Each structure stands twice: as C-alpha cells, then as structure tokens.
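Using the hints provided, position chain B relative to the given structure of chain A.
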Amino acid sequence: MTEDAFRALIGRHRGALARVVRHYEAAPEARRDLEQDVLVALWRAQESFRGESSERTWVLRIAHNVAATHVARAIRTKRVGERVPAAVDVGTSFPEGAAPPDEVVDAREAVRRVEERLRALDLPSRQLVLLALEGCSTAEIAEVTGLTPTNVTTKLSRLRKALAGARDESLANEVEAS
Amino acid sequence: MTTPDGWDELGAAFREAAAGERDAFVDVDAAAVRARASALARTVRSRNLRETLAAAVVVAAGIRLAWIGKSTLVQVGGVAMALGALVVAFVIARRGGSGPAPPPTAPTSEVVEHERAELERQAELLQRVWLWYVAPLLPAIVAIYVDAFRRAPDGRGTVVALAAGTVAFLAGVVVFNRRAARALRQRTDAVLPRAPRPG
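Protein sequences appear in the order of chains A and B.
The numbering used here puts the first residue of the first sequence at 28, with every later residue one more than the last.
The numbering used here puts the first residue of the second sequence at 382, with every later residue one more than the last.
Okay, chain A solo, but in the shape it has when bound (with noise of 0.2 Å):
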C-alpha cells in the first residue's frame, strides 16, 4: 500500500477510529499516543488486508485490539480510572448564539449518559456496545469480536437493556428537575 493509499484508508475511517480513540483514552497526550498506535498497527497489518472481510471491519478490529492493549496498559500503570472522559464533550459544536433544537440536546444528553454507563462495563462489553453504537451489524461485530452471531445477539440485548435504564434515568431525573 502506498502512502497515499494509507491517507485514504484513514480518511474513509477517521470518524470511527476517532470516536473509538476517544472512548478509551481522556488524556489528551495519552490520546494522541493511542492515535499513534492505532495508526503504527494499521501500517503494519496492511498488507494482511485480503478482502476477506469489509475494510470497516478490519479498521474496526485492528483499532479496538489497540485500545484494549492500551488499556491493559493503564491498568498496569495504575492510570485505568482516567481512561474515558469524565464529560465527553458532546455540546460545543452549535454556531455561536444560536440555541441548539432540544431534540439535539436530548440525544446528545442521552449519549452522554450511556458513555457515562459504558465506562462502569467490563472491557468486553464496552466493546460490543460501541461497534452497536457504530452502526455495525450483528454479523460484523461477530466478525470483529470472534464471538458467534448468537452470542452477540443474547449479550447485546442485556447490555441495551441495561442501558436503556441509564437513558430512563435521565429522562427521570429531567421530569424531576422541571
């Protein structure tokens, strides 16, 4: 692959490989280093790349696989506590006096909350919920995690569940609040 390829590939992934980068990490230099290696692993397994699966989901899986590497990392470095952000930043990107339509802020209030549930998951979970929350099929998560189809299905349904409780929650706790 050449380097321009290389430019492209991340170009066609640079939202998800952002979003999983800045699920794991919140230090801004740790994150830049986590980016560093995600990039470093996908340069290297590049040329494993043979179109038995979706590109997605090789990036998927090669940037996952790196972030928990990362993870193990900070466990060991006693730096685990740190590695989601305490407030992902999900409100800042309105034009400047203008008030954001408040379906926006209910999603964005909801997304804030199920990050907030995640970081409380194991590191398997939180995988699986993130590849759900990209988007990505049951067929490909199966393909990202090695789990089965059935498997995926059953744990992502308790998972959503649970889930869906933190987003009640929220919900509770605005009906309250007015």
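No lab work stands behind these hints, which were simulated from the structure alone.
Values in this document were obtained by computation on a predicted structure and should not be read as measured data.
Be a bit skeptical, because a hint or two may be false.
Cut-off 20 Å, straight-line C-alpha distance, at most; resulting in silico cross-link-like pairs (SDA-like, lysine to any residue) [as the list claims (entries may be wrong)]:
| no. | chain 1 | residue 1 | chain 2 | residue 2 |
| --- | --- | --- | --- | --- |
| 1 | A | K105 | B | E499 |
| 2 | B | K451 | B | Y526 |
| 3 | A | K105 | B | P534 |
| 4 | A | K105 | B | A463 |
| 5 | A | K182 | B | R415 |
| 6 | A | K105 | B | K451 |
| 7 | A | K188 | B | A393 |
| 8 | A | K105 | B | E491 |
| 9 | A | K105 | B | G387 |
| 10 | A | K182 | B | A571 |
| 11 | A | K105 | B | V527 |
| 12 | A | K105 | B | Y526 |
| 13 | A | K105 | B | A393 |
| 14 | A | K188 | B | Q508 |
| 15 | A | K182 | B | S490 |
| 16 | A | K105 | B | T547 |
| 17 | A | K182 | B | R502 |
Computed footprint of chain A on chain B; a stretch qualifies when at least three of its residues, placed anywhere within it, have a C-beta under 8 Å from a C-beta of chain A [what the hints assert, rightly or not]:
| no. | segment |
| --- | --- |
| 18 | 499-510 |
| 19 | 546-553 |
| 20 | 559-571 |
Glycine included, each C-beta is placed from N, C-alpha and C at the ideal position.
Structure of chain B alone, referenced to chain A:
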C-alpha cells in the same frame, strides 16, 4: 425504521457526537508512522539488552567475589550470588517478558484474553517475588554476613544491624510486591473479567 428502545437514534447521536474530535486522524504523516513502527521494534530490542546486561553485571560481581574472596564463605557467597543472578535473569527472561501476542488483526476477544493473561502473569510474578527474586539471592547474602560476623569480633553489633536492615528491606520488597499484585488483580478484574468457563 427505528427500534423500540431508540437504539438507532442513540447510535446516530453517538456518531454525531464525535464533532469535538475532528482534529483526530487528520493530516496523517505516513512517513512518521513508518518511523514510529521501526522505533518501536528498536525499543523492545534495547530493553531486552539492558536486562541482559544488568544480570551480566551481577553475575560478574559474584564471580569476582568468588575469585578474590579470602575465606571459603565469601567464595561460596560469590558463587551463590552469580547463580542467584542467573536464576533471577532466567525467570525475567522466561516469564517477565510478554508472551507472543496475537496479531492486531486477531478477533478482539482473543486480544482481550491475551491481555488478561499477561496481567495475571505479571500479578503472579509480583506475588511470588520472594521465590524468584529474594530466595535466589538469599544464600549469597547470608554467606557474606556470616563471614563478616565471624571475621569481626569487635564489630558484630554493626554486622547484625546491617543484616537486620537487609532482612527488613527484603521483607519490605516482598510486602510491597504482594500489595501491588493484589491491587493489579483488582484493577484487572474490574475491567477485564475472567471469561466464563464453558459448561
């Protein structure tokens, strides 16, 4: 079509929420990535070399002590030091380094399992530091202190105090490492739980 629990909407909002991360993975310098990949391999090689050199220094010191020692006890202590250092180096080389990691293209469950096993192995090493680090060096320490005790009738109090200090230090090493092992296991269990046994 939307899902009853609003999952699709949540996913869309999640993907949209990366708005604050637009500077990530922009202007990728492929040459820098390639250089970093090579540097990583060099770092691993130089770390292995450092560990080997550190062990070689202690082995050499032990052999020298055995060679120039005026009493049998010191000579025995020197040999024990060299052998102890070899045992420690062997354990570090055999169990201290990372095992063969799955390739980055492996299924994520495989990588998670590998990382968990690595952390458990490191906790085990910390937990058993008395066995592979303290015990192999103990015969040399005992031999050297006993020799000093026998050869200095007037300074035995000092030798005993130094020996007590060494024992306290080694006990501290053991306690500190056992605590570190326990803490590492707790952190590991919280993030990377054991996979349920089939059946």
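For each hint, the structure was consulted:
1. K105(A) x E499(B): 15 Å, holds
2. K451(B) x Y526(B): 14 Å, holds
3. K105(A) x P534(B): With a Cα-Cα distance of about 49 Å, the restraint between K105(A) and P534(B) is violated, given a limit of 20 Å.
4. K105(A) x A463(B): 34 Å, violated
5. K182(A) x R415(B): 38 Å, violated
6. K105(A) x K451(B): At roughly 48 Å apart (the allowed maximum being 20 Å), K451(B) and K105(A) break the hint.
7. K188(A) x A393(B): 18 Å, holds
8. K105(A) x E491(B): 23 Å, violated
9. K105(A) x G387(B): 36 Å, violated
10. K182(A) x A571(B): 18 Å, holds
11. K105(A) x V527(B): Since the Cα atoms of K105(A) and V527(B) sit roughly 41 Å apart, the hinted pair is violated (cutoff 20 Å).
12. K105(A) x Y526(B): It is violated: about 38 Å lies between the C-alpha atoms, which goes past 20 Å.
13. K105(A) x A393(B): 33 Å, violated
14. K188(A) x Q508(B): Violated, at roughly 39 Å.
15. K182(A) x S490(B): 14 Å, holds
16. K105(A) x T547(B): With a Cα-Cα distance of about 29 Å, the restraint between K105(A) and T547(B) is violated, given a limit of 20 Å.
17. K182(A) x R502(B): Given pair K182(A), R502(B) is violated - Cα atoms ~28 Å apart, limit 20 Å.
18. 499-510: holds (count 3)
19. 546-553: violated (count 0)
20. 559-571: holds (count 5)
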